[in-house]
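**Q** What follows is each chain in one-letter form.
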Amino acid sequence: MTFARKLMAATAGLALTAGAALAEPAIIFDLGGKFDKSFNESAYTGAKKWAEETGGTFKEIEMQSEAQREQALRRLAEDGANPVVMTGFAFGTVLDEVAPDYPDTKFAIIDMVVDQPNVKSVVFNEHEGSYLVGIMAAMASESGTVGFIGGMDIPLIRKFACGYAQGVKATNPDATVIQNMTGTTPSAWNDPVKGTELTRAQISQGADVVYAAAGGTGVGVLQAAADEGIYSIGVDSNQNHLHPGSVLTSMLKRVDVAVMKAFSEGADLTPGITVLGLADDGVGFAMDENNKDIVTPEMIAATDEAKAKIISGEIAVHDYMSDNTCPVE
Amino acid sequence: MDIMPKWAEVFLVPLISLILAAILSAVVILAIGENPIDAVSIMIKGSVLSVRGWGYTLYYATNFIFTGLCVAVAFHARLFNIGGEGQAALGGLGVALALLFIPWPHWSIALAAATVAAAAFGALWALIPAYLQAARGSHIVITTIMFNFMASGLLNYLLSNSLKPIGQSDPATAKFNAAFDLPTLNGVLTQMGYKAARDDSVNITFLVAIAACFAVWFLLWRTRLGYQIRAFGQSETAAKYAGIKPVRITMIAMMISGGLAGLMAINTVMGEQERLVLNAVEGAGFIGIAVALMGRSHPFGVFLAALLFGFLYQGGAELALWTNIPRELIVVIQALVILFTGALDNMVRMPLERLFLRLRKPEAPPPTAPPPPGPTRPDHTPEGTVKEA
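If you read the protein sequences in the order shown, they are chains W and X. Mapping to our numbering: the first sequence position 165 is 165, numbers consecutive. Mapping to our numbering: the second sequence position 242 is 242, numbers consecutive.
Now the stretches of chain W that chain X is said to cover, found in silico as 3 or more residues with beta-carbon under 8 Å: (1) 67-80; (2) 90-102; (3) 154-165; (4) 184-194.
Since the hints were made in silico from the structure, they are not lab data. The C-beta atom is built at its ideal place from N, Cα and C for all residues, glycine as well.
Can you build the whole structure from these sequences, using the hints too?
**A** The structure is reproduced here in structure tokens:
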């Protein structure tokens with residue numbers, strides 16, 4: 001129906017100006033669910049914070065099936081929600097198709113680049129944040145073996161793993177990094193039981209610090225690490241409070257900041273690609289009362305130094321997604 | 001002999017089941033502090049009171065017609081095919097392979113090719129359990145369930161490793177050629193000058209589904225093969241005595257069944273997503289069982305039941321989108337409807353039958369005569385019921 005599409009696109013502007021007055025922002029969570037204690041929850045926190053600070057209200061939607069993606073995007077756009085923010089790469093294809101039909105609505109997508117004039121794509125330098133927690137892992141490890149447990153095996157998660165491995169090797173060149181992925185499907189984001197199994201397997205291979213970049217699966221990783229008395233590193237949200245004394249730190253990916261910023265800009269959201277890294281505090285690691293006793297001053301000093309060097313360009317952390325390879329194993 | 005008049009059998013029983021399910025759902029919604037009346041009005045508004053709503057209602061209904069027919073055909077041969085999920089998934093693979101690599105000149109030819117591929121893949125996926133049942137006696141329920149898992153594993157492997165374009169995170173194929181987009185209701189309305197929604201929802205596959213209903217009716221009640229399938233389902237020994245070969249009929253019935261499930265993929269994969277994603281079936285294979293039960297394994301009944309479930313699906317999606325009712329609860333509500341209309345069918349049927357028997361009493365012998373024997377219920381197996389249409 002290419003002809004029909006063209007016709008639709010032509011009338012799109014006319015049809016939409018009517019409903020665009022409300023301009024209430026909206027957020028769509030992907031199939032992983034709003035309360036995954038990690039990626040989606042971080043987005044939710046940002047939206048909630050925006051609502052508390054401005055007194056505004058926002059629409060929120062959790063996906064239930066594939067066929068809802070397009071429906072939800074179109075309905076939100078037609079009901080005048082602006083901007084419409086969505087979390088996760090799975091929206092990429094649908095958004096690319098829907099966005100041109102609603103030129104007056106601004107969309108923001110996190111973790112994926114969609115090249116449309118009314119879409120803001122927010123991506124993070126996860127490799128930089130992972131590099132810092134890699135340094136901490138190498139310093140906290142006594143066995144010289146650290147672990148990484150990813151969620152779904154996609155380039156984005158390999159980017160986490162690669163940055164982490166680089167941080168570990170830069171601190172202790174003899175260290176071993178064991179890497180495992182939970183699965184190859186989206187269900188890998190929400191499989192804490194398998195997360196626990198993988199953690200125990202890595203511990204039996206000598207790992208005494210485990211970094212989980214696995215969404216809801218990470219809950220099982222942190223639990224297993226706490227049960228076995230080793231350190232773990234959380235991801236995306238601050239997960240230090242889940243097991244105080246066992247969670248060494250959490251690699252923060254400020255999805256909340258990105259969502260809040262998109263909501264604050266409202267209908268004036270600037271389209272284009274935004275890359276949030278260490279320099280903008282888009283990534284980093286979490287320090288609070290739960291982990292202040294286990295993080296040593298040396299670790300803080302080492303990470304501060306590395307952070308400054310990464311920002312100045314003295315240390316270049318390799319981005320796995322730039323060429324789909326990692327210089328260290 | 002029928003205890004109940006036909007209208008009660010066909011309409012009253014499902015209606016009462018539905019009302020019971022609705023009451024229980026309302027209690028559940030009340031329990032979490034939401035207003036059930038608002039919920040129902042959102043469901044109705046979002047599914048049948050707008051063109052977009054109808055689009056998605058019919059889109060879901062198309063899926064359920066195919067999977068319902070799939071289960072119904074197998075029921076007539078007294079085979080319980082619960083592998084519709086896997087057969088539809090393989091149908092999706094067939095559609096994707098047919099559309100990704102061959103530059104068909106026109107969407108109608110692409111549709112024909114996709115239809116053949118979907119049916120063939122679905123039928124072949126059903127063939128192995130059918131053979132195991134017919135020749136080796138492995139129970140079809142077990143094997144088809146296992147084949148669902150194998151289908152999901154196979155698709156997972158192919159999508160993650162071979163069919164996914166390089167550099168893409170999503171385990172899905174590339175988009176099909178835009179020239180293969182099927183005409184949609186929304187598109188046709190727009191061309192006619194009506195301001196419709198722009199979603200890719202109900203498409204020409206709906207007409208294919210209606211055609212499939214007629215084809216199944218014709219096959220079962222107007223052909224020799226259909227007669228053999230029904231005779232086999234009624235009594236295997238009698239069928240054997242009449243010279244009907246059980247192995248052959250089992251295999252053929254299951255292949256038709258699997259092919260029908262596979263056809264669902266042209267709606268989801270070719271019509272809506274226009275690419276093959278993981279889990280494109282999303283449980284429609286299992287809904288097909290409820291649809292076939294509720295539709296009494298008759299194509300027209302399947303059509304009506306599929307419409308109802310289409311409404312429930314789209315209405316449920318609307319509830320999830322626009323209320324604070326969590327999505328898990330919507331699954332509970334849908335499950336209640338399936339439970340009452342499918343699994344608990346006899347719970348409504350038996351009291352109703354007793355009621356109709358009592359209503360008939362005036363015609364019974366005078367009270368001085370010994371009490372009539374208790375309601376002797378014929379063995380009710382709705383799925384196997386053979387009625388001359």
